[in-house]
Amino acid sequence: AQSVTQLDSQVPVFEEAPVELRCNYSSSVSVYLFWYVQYPNQGLQLLLKYLSGSTLVKGINGFEAEFNKSQTSFHLRKPSVHISDTAEYFCAVSDATDSWGKFQFGAGTQVVVTP
Amino acid sequence: GAVVSQHPSWVICKSGTSVKIECRSLDFQATTMFWYRQFPKQSLMLMATSNEGSKATYEQGVEKDKFLINHASLTLSTLTVTSAHPEDSSFYICSASGIYEQYFGPGTRLTVT
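Protein chains in written order, with this note's numbering: chain A, 1088 to 1202; chain B, 409 to 521.
Hints listed in this document are in silico derivations from the structure and should not be mistaken for laboratory results. Incorrect hints may appear among the rest.
In silico BS3-like links for lysine-lysine, alpha-carbon gap of 25 Å or less [unchecked claim]: (1) A:Lys-1189 with B:Lys-463; (2) A:Lys-1145 with A:Lys-1189; (3) A:Lys-1136 with B:Lys-449; (4) B:Lys-474 with A:Lys-1189; (5) A:Lys-1189 with A:Lys-1156; (6) B:Lys-474 with B:Lys-422; (7) A:Lys-1136 with B:Lys-428; (8) B:Lys-449 with B:Lys-422; (9) B:Lys-474 with B:Lys-449; (10) A:Lys-1189 with A:Lys-1136; (11) B:Lys-428 with B:Lys-472; (12) B:Lys-474 with B:Lys-463; (13) B:Lys-422 with A:Lys-1189; (14) A:Lys-1189 with B:Lys-472; (15) A:Lys-1156 with A:Lys-1145; (16) B:Lys-422 with B:Lys-472; (17) B:Lys-422 with B:Lys-463; (18) A:Lys-1136 with A:Lys-1156.
To give a feel for the contact side, a few chain B residues facing chain A, derived at Cβ under 10 Å [claimed, not checked]: (19) Met-441; (20) Tyr-466; (21) Pro-514.
Every residue, glycine too, gets a C-beta built ideally from N, C-alpha and C.
Start from the sequences and build out the full structure, keeping to the hints where you can.
So this is what it looks like as structure tokens:
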């Protein structure tokens, strides 16, 4: 079984400042890793995913994340945030040996961008 | 890109009644779909795995007789909340498996009064 820990429940950040959202996971098997964003009363939108290959993953809207196997982390970063980045962000892990698409989600990080 | 729809997007029902939520993959076939529940300001919790043509697999602690899942075709899975109670009020989200990506529906907000 896997578990996902998002270390910050809320991250306040000023517009145009950088942001980093931390995600750590634990698993005894190989995993796939994902970051999703959720706007109020909406479903999830995929920001980026790591399946294999390069550990630095670039996603949509200027987000990127780095897979660090030794530290079992998959932190999400954006060099300059916009007001529209205010949302809930979820880190998710999927067992690479289990049913494709079966996710374990972290508790979420609320990003609040202020002018 | 692939799209997953849910219907209805919002439903209010009286305690004791049953509610059916549909999840459709609009432009691809999904042999496997997943149902999640999200309480306010909380994360998504996997409820069950829905496989086309076979019985759903429920996560520990999820009552299979209360949350009936039917995956009758490659594009449709339904979740029926039977004898709903106020504690079943939640945001229900489905997802469908594509190739190397999981597509999430927009969610259904259920309010039981």
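Cross-check of the supplied hints:
Distance hint between A:Lys-1189 and B:Lys-463 is fulfilled; the C-alpha atoms sit about 16 Å from each other, no more than 25 Å. With a CA separation close to 23 Å, the supplied pair A:Lys-1145 and A:Lys-1189 stays within the 25 Å bound. Distance restraint check for A:Lys-1136 and B:Lys-449: the Cα-Cα separation of roughly 23 Å lies within the 25 Å cut-off, and the hinted pair is therefore satisfied. Straight-line distance between C-alpha atoms of B:Lys-474 and A:Lys-1189 comes to about 21 Å, which keeps the hinted pair within the 25 Å bound.
Taking the CA atoms of A:Lys-1189 and A:Lys-1156, the gap is near 21 Å; set against the 25 Å cutoff, the hint holds. Note on B:Lys-474 and B:Lys-422: the hinted pairing holds, with a Cα-Cα distance of about 16 Å set against a maximum of 25 Å. At most 25 Å may separate the alpha-carbon atoms for a hinted pair to count; A:Lys-1136 and B:Lys-428 exceed this at roughly 32 Å. Distance restraint check for B:Lys-449 and B:Lys-422: the Cα-Cα separation of roughly 24 Å lies within the 25 Å cut-off, and the hinted pair is therefore satisfied.
Note on B:Lys-474 and B:Lys-449: the hinted pairing holds, with a Cα-Cα distance of about 24 Å set against a maximum of 25 Å. About 14 Å separates the Cα atoms of A:Lys-1189 and A:Lys-1136, which keeps this hinted pair within 25 Å; it holds. Taking the CA atoms of B:Lys-428 and B:Lys-472, the gap is about 14 Å. The hint holds against a cut of 25 Å. Under the criterion of a C-alpha separation no larger than 25 Å, the hint pairing B:Lys-474 with B:Lys-463 is consistent with the structure, at around 14 Å.
Using a Cα cut-off of 25 Å, the hinted pair B:Lys-422 and A:Lys-1189 is violated, with the two alpha carbons roughly 32 Å apart. Annotation: proposed proximity of A:Lys-1189 to B:Lys-472 holds, straight-line Cα distance about 18 Å (limit 25 Å). For the hint pairing A:Lys-1156 with A:Lys-1145, the CA-to-CA distance comes to about 17 Å; that is within 25 Å, so the pair holds. Only pairs whose Cα atoms come within 25 Å are accepted, and B:Lys-422 paired with B:Lys-472 is accepted, the gap being roughly 21 Å.
The hinted pair formed by B:Lys-422 and B:Lys-463 fails the criterion: a straight-line CA distance of about 28 Å is larger than 25 Å. At roughly 15 Å between alpha-carbon atoms, A:Lys-1136 and A:Lys-1156 fall within 25 Å of each other, so this suggested pair holds. Taking 10 Å as the C-beta contact cut-off toward chain A, the hint placing B:Met-441 at the interface holds, the least distance being around 8 Å. The beta carbon of B:Tyr-466 is not positioned within 10 Å of any beta carbon in chain A (closest approach about 12 Å), and the interface hint is therefore violated.
Checking B:Pro-514 against chain A by beta carbon gives a least distance of about 4 Å; that is within 10 Å, so the hint holds.
Hints 7, 13, 17 and 20 from the list above are not met by this structure, while the remaining hints are.
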